[in-house]
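Student: Here's the letter readout for the chains.
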Amino acid sequence: MSTLIALIVAAVTFGTVLMFGTLGEVLTERSGNMNLGVEGIMYMGGAFGLAGAFYYEKLVGPAASSGPIAIIIAILSAFLAGAAASAIYSFLTITLRANQNVTGLALSIFGTGVGQFTGEFMRVSEGGFVALSNNLKGAFSQSIMPSFLRNIPIIGKMLFDHTVFFYIAVALAVGMHFFLFKSKRGMYLRAVGESPSTADAAGINISRYKYLATIIGGGISAIGGMVYITTTAGCVWNHEGLSGVGWLAVALVIFCMWKPLNAIWGSVLFGALMIMYLRLVIKFIPTEIYKILPYVVTVIVLVLSSMRNNKEKQPPASLGLNYFREER
Amino acid sequence: MQTKCAIEMKGLTKRFGTVVANDGIDLQINRGEILSLLGENGSGKTTLMNMLSGIYQPDEGQILVDGEPVSIRSPKDAYAYRIGMIHQHYKLVDVFTAAQNIVLGLNDEKLDLKQINSKVQEICKRYGFNIEPSKKVYDMSVSQKQTLEIIKVLYRGADILILDEPTAVLTPQETEKLFVILKNMKADGKAVVIITHKLHEVMAISDKVAVLRKGKYIGTVETSKTNPQMLTEMMVGHAVALNIERPKYRKPFDKLRVEGLTCVDHEGICKLQDVSFTARGGEILGVAGIAGSGQKELLESIAGLYPVKEGSITCIECEDHQVQLVGLAPRQIRDAGVGMAFVPEDRLGMGLVGSMGMTGNMMLRSWKQGRSMFLDKRGPEKLAREIWEKLEVVTPSTEFPVRRMSGGNVQKVLVGREISREPSVLLTAYAVRGLDINTSYAIYNLLTYQKMRGSAVIYIGEDLDVLLELCDRILVLCAGKVSGIVDARKTTKEEVGLMMTSLKEAKND
Chain A
1 MSTLIALIVA AVTFGTVLMF GTLGEVLTER SGNMNLGVEG IMYMGGAFGL
51 AGAFYYEKLV GPAASSGPIA IIIAILSAFL AGAAASAIYS FLTITLRANQ
101 NVTGLALSIF GTGVGQFTGE FMRVSEGGFV ALSNNLKGAF SQSIMPSFLR
151 NIPIIGKMLF DHTVFFYIAV ALAVGMHFFL FKSKRGMYLR AVGESPSTAD
201 AAGINISRYK YLATIIGGGI SAIGGMVYIT TTAGCVWNHE GLSGVGWLAV
251 ALVIFCMWKP LNAIWGSVLF GALMIMYLRL VIKFIPTEIY KILPYVVTVI
301 VLVLSSMRNN KEKQPPASLG LNYFREER
Chain B
329 MQTKCAIEMK GLTKRFGTVV ANDGIDLQIN RGEILSLLGE NGSGKTTLMN
379 MLSGIYQPDE GQILVDGEPV SIRSPKDAYA YRIGMIHQHY KLVDVFTAAQ
429 NIVLGLNDEK LDLKQINSKV QEICKRYGFN IEPSKKVYDM SVSQKQTLEI
479 IKVLYRGADI LILDEPTAVL TPQETEKLFV ILKNMKADGK AVVIITHKLH
529 EVMAISDKVA VLRKGKYIGT VETSKTNPQM LTEMMVGHAV ALNIERPKYR
579 KPFDKLRVEG LTCVDHEGIC KLQDVSFTAR GGEILGVAGI AGSGQKELLE
629 SIAGLYPVKE GSITCIECED HQVQLVGLAP RQIRDAGVGM AFVPEDRLGM
679 GLVGSMGMTG NMMLRSWKQG RSMFLDKRGP EKLAREIWEK LEVVTPSTEF
729 PVRRMSGGNV QKVLVGREIS REPSVLLTAY AVRGLDINTS YAIYNLLTYQ
779 KMRGSAVIYI GEDLDVLLEL CDRILVLCAG KVSGIVDARK TTKEEVGLMM
829 TSLKEAKND
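Protein chains in written order, with the working numbering: chain A, 1 to 328; chain B, 329 to 837.
If we strip away everything but chain A, and leave its shape as in the complex, we get (with noise of 0.2 Å):
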């Protein structure tokens, strides 16, 4: 049983890393802008929150600091990352109307370089080593939720004590699927995905709401950077650890068909297989086995989804397509 709570806390723990990255690009993708460049963009969101809480820290000393405002500066700091990022992104695909697909794997590599610089800029500038206080490390990794919820057994372990990132990603989903599917804006933005000579037509202006869209998506899909950095990797600087995350986010709008509700459950999900090497150790099956598997999980989803037949479980219609007016 304890191994078992201890999976998924750990699994959640990871999930939440994936929920920002693949909330972001939901949002973005429903916009009709495929943002390949997840993987950069996490990267460098993960570089610039940590140096924000660092910085933050240096600037007023670890006994004055305190742990809630670290938070906030270090989740602003990734979201503008994120968002600067995306804002790239968007003018050369939504202004010059440039390849999605070639402009995010460009940012991808960009993001990737510009994440691991600051990274290492800020590790070498430090003497080597950047972390942060013991004391911040714990705001950013114990949970907020009152004592007497996280004592409940089994179940205050398994729904209450997790990082008060978690609590911000499962309302951020909630408050995105409100705003996708009951509010007007959001239905105005799902018509510029799926077709936006429609929404044209019809007076919506389409670079706004693919702009907006595509820089917020990018501000949170950073902070999933940002989150992997202080609590998975313990508030160090890690250039490693993120590798592939932004892909698997990428796999994962699919996996949850653009729907940010199963980015929830989809995330812990992924977020289990990532880690089962570690928790759910059998003889003789080697952890690369384990370490596949959210791949093999990917596959067999995107055959599947490429099978269904429901015209509301498709990507949005324009998705991948740059809208230009005039073109006939």
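No wet-lab data here; the hints were simulated from the structure.
Cβ coordinates follow ideal geometry from the N, Cα and C atoms, glycine included.
Please note that the accuracy of each hint is not assured.
As the list claims (entries may be wrong) - Interface residues of chain B toward chain A, partial, derived using beta-carbon atoms under 8 Å:
| id | residue |
| --- | --- |
| 1 | P403 |
| 2 | K404 |
| 3 | Y407 |
| 4 | L420 |
| 5 | V421 |
| 6 | D422 |
| 7 | V423 |
| 8 | Q428 |
| 9 | L432 |
| 10 | G433 |
| 11 | K463 |
| 12 | Y466 |
| 13 | W716 |
Unchecked claim - DSS-like cross-link-like pairs, simulated, lysine-lysine; straight-line CA separation at most 30 Å:
| id | chain 1 | residue 1 | chain 2 | residue 2 |
| --- | --- | --- | --- | --- |
| 14 | B | K809 | A | K311 |
| 15 | B | K637 | A | K311 |
| 16 | B | K419 | A | K184 |
| 17 | B | K404 | A | K184 |
| 18 | A | K184 | B | K464 |
| 19 | B | K442 | A | K313 |
| 20 | A | K311 | B | K514 |
Given chain A, work out where chain B should sit, using these hints.
Tutor: This is chain B only, laid out in the frame that chain A set:
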């Protein structure tokens, strides 16, 4: 009736790069009137109307709405001036309901379904529509989608309506219904512009006809004072014989026998069900039907490009040489000695390679013949030159990429290549789609020539008037089934139209 000028265009010019799509056009649109905008493909009708609906910006000239000069920068501006356009390719979001599509982009309105419904019902009652607000667009038929488009525009309060080729996808009965609605709108004092190139519709519905030719405005005439012949001359610029010759072949003989043909697509949907007919040499067999009734699958299964589930397709070369085509690939069909030619619907996708020139495209049919490892271009080059001259293809050279030729010339290259092999079976899908009147008649003549040579021609067409004039017999498909085969010389458009929508057995010939 008192007519009032709704829109006046003065010297409108629009260029795309070096191409002048509209050249100094002056046109007037009146309220309480239906104006037909007539012109061949590429004459600039849609471009002109897109400038009114805010899709394009004019390079020169002025638009006046109710006498006031205005500038229409976006579709939103157009709605502000109460101009609504129903585009040829419907602008609807497939996964939304009718009601969601109607209120899309309206900023001042809440998503109050009750209120939307009552307003939609009011519009429906006024003009005679019928629609279910909660139905999703992907579940709608083409004509329902069009109805939704019109309601959408009316809901936004448009009183100047522009319809771009609204009848292209409708059956004759649906067209009748649409025309009744348009007349109701006219009686309601709205200005209606209908873009079309079907002359008989122009004569039936409009009060005035404005004609464009190659981007230039030719003139406006009152419909009651003109006739199709005169309008064609205005459109083309010179007199054109509007009759298709239909000589009778001395003795038609059975050539291709299709029995119980059933085809299922990869999603398990039945595309053709128990189709049986015989195509005769020396005859043009027309195939009519609403778009997507199985026409494409029928031709492709005969040509060996579509999997056949059941049934047989027998080609009768002579009494004791009959070839079963089911299960054979295109090359095996050729190797079996069947002279089959196929002009597909998608010219540049299935018929030709867009970035190659005429010579290269000729080689696609003869690549098996060469014995050496190098290309032998002499034969194809000669053939390309023949087609170039005989069919009057407009191109700078035989190496010029076909993709950059106009639609009519591309079609000539394709048809030219296919008939050069003197086929005994000629399959054509929408051979004149997108072609101007002159080229269309040239293609009709080529098909008739093949028929008189004794080949069996199967012609899938959209325009019922042409089918009735060109073909000897017409096979009508409805949802993948044969609803009847009629003698084209004796049937009427109404009869064929009815057969297109219902499976009622018509009299067989």
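Student: Taking the hints in turn, state whether each one holds.
Tutor: Evaluation of the provided hints:
A least Cβ separation of about 5 Å between B:P403 and chain A falls short of the 8 Å threshold, and the interface hint therefore holds. Checking B:K404 against chain A: minimum C-beta separation of about 3 Å stays under 8 Å; hint holds. At a threshold of 8 Å, the smallest CB-CB gap from B:Y407 to chain A is about 6 Å, leaving the interface hint in force. Checking B:L420 against chain A by beta carbon gives a least distance of about 6 Å; that is within 8 Å, so the hint holds.
Because the closest C-beta pair between B:V421 and chain A is about 5 Å apart, less than 8 Å, the hint holds. A distance limit of 8 Å between C-beta atoms decides the matter here; for B:D422 the minimum to chain A is near 7 Å, and the interface restraint holds. Hint on B:V423 holds. Least Cβ distance to chain A is approximately 6 Å, under the 8 Å limit. Against a cut-off of 8 Å between C-beta atoms, the interface hint on B:Q428 holds, since the closest Cβ of chain A lies about 6 Å away.
A cut of 8 Å between beta carbons decides the hint on B:L432: the least distance to chain A is about 4 Å, and the hint holds. Proximity of B:G433 to chain A holds as hinted, the smallest CB-CB distance being about 3 Å (cut-off 8 Å). For B:K463, the shortest C-beta to C-beta distance to chain A is roughly 13 Å, which exceeds 8 Å, and the interface hint is violated. This hint holds: B:Y466 has a C-beta 5 Å from the nearest C-beta of chain A, less than the 8 Å allowed.
Taking 8 Å as the C-beta cut-off, the interface hint given for B:W716 is violated, the closest approach to chain A being about 28 Å. In summary, the hint linking B:K809 to A:K311 is supported, as the alpha carbons are separated by about 26 Å, within the 30 Å threshold. A threshold of 30 Å between alpha carbons decides the hint, and for B:K637 with A:K311 the separation of about 26 Å falls inside it, so the pair holds. Between B:K419 and A:K184 the alpha-carbon distance is near 19 Å, which keeps this suggested pair within the 30 Å criterion.
Restraint check for B:K404 and A:K184: the C-alpha separation of about 17 Å stays at or below 30 Å, so the hint holds. At most 30 Å may separate the alpha-carbon atoms for a hinted pair to count; A:K184 and B:K464 meet this at roughly 18 Å. A C-alpha spacing of about 27 Å is found between B:K442 and A:K313, which places the hinted pair at or below 30 Å, so the restraint holds. Straight-line distance between C-alpha atoms of A:K311 and B:K514 comes to about 38 Å, which puts the hinted pair past the 30 Å bound.
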